[in-house]
Amino acid sequence: MKSDFGPRQVKPITVAIEVVPVIALLLVFVMAIAGLLYHSVKKQNEIATTTSLHLVRSGMSFFENDIREAVIEYSFWNEGAQNIIVDYNATWVKDNILDWVIAGANMDGCLTVGSQNRLIVGTSRDASHSYTDTSSFPDGLKKLIDAARSQPQTKGELIPPVSGYFRDESGVYLAAAALIQWSDGRAPPLDNNVPGVMVFYRVVTSSLLKG
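Numbers 0 to 210, taken from numbering that gives the first Met the number 0, label the letters of the sequence shown in order.
List time: in silico DSS-like cross-link candidates among lysine-lysine, alpha-carbon distance up to 27 Å:
#: 1; residue 1: 154; residue 2: 141
#: 2; residue 1: 141; residue 2: 93
#: 3; residue 1: 142; residue 2: 154
Since the hints were derived computationally from the structure, they do not count as laboratory data.
Could you put the whole structure together from the sequences, leaning on the hints where they help?
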C-alpha cells in the first residue's frame, strides 16, 4: 500500500506556469531600473555638456571682445592710415605695430592687407602661425577679410570689425578684422581703389578655452 505522505512530483508545466510570470516581472523591473539609470546619466551628461559649453562660450566671448577692441585701437587711427596705406613707412610700422601688437596687445599674430589681399604688414609670436603672402592665407581668413570689406559704411562713423574663426594646418584661430580707417571721419584710405584691412588673431588653446 502506497503512502500518501511521500514526495510530491510537480509537473514541469506547473513550474513554468508559476515561474515565468516571476521572471517576466523581474525582467520588467530590471529594465525599468536600467532605463532610469540611463536617463539619469544622460541627463547629467547633458547638464555637464551645457555647462561646459556655456563656460567655453563665456570665455571665448571675453577674448573675442578683447581682440575686437584691440584691432579697433590700431586700425581706427589717423597715423595708421597714413603710414600703412597712404604712404607706407617701415620705421613707423615697426615702432608702432610690429613691436607692440604681440607684447602689448597680447596677440599671436597681426597682418594688414591691401588690394588683392597683398600682404602689407605681417607679424606673429610663432613662425608656425605666420603668413608670408596671400597664397598662404587659409580660406577662413580670406572670408573674414572679405566680410570686413563688406561691412556697411557710414561717413563719419566707425565701421565695426567682424570676428570669427579660421583654421590652418597649425591650429584654429579666433580673429577680428577691421578696415583701416581715418579716425577723423574721412572715408577709409584706398590701396589701388580697395580699402586696407587689419587682422588680429589668437591661437585657440586649452588655456584660452578655460579663460
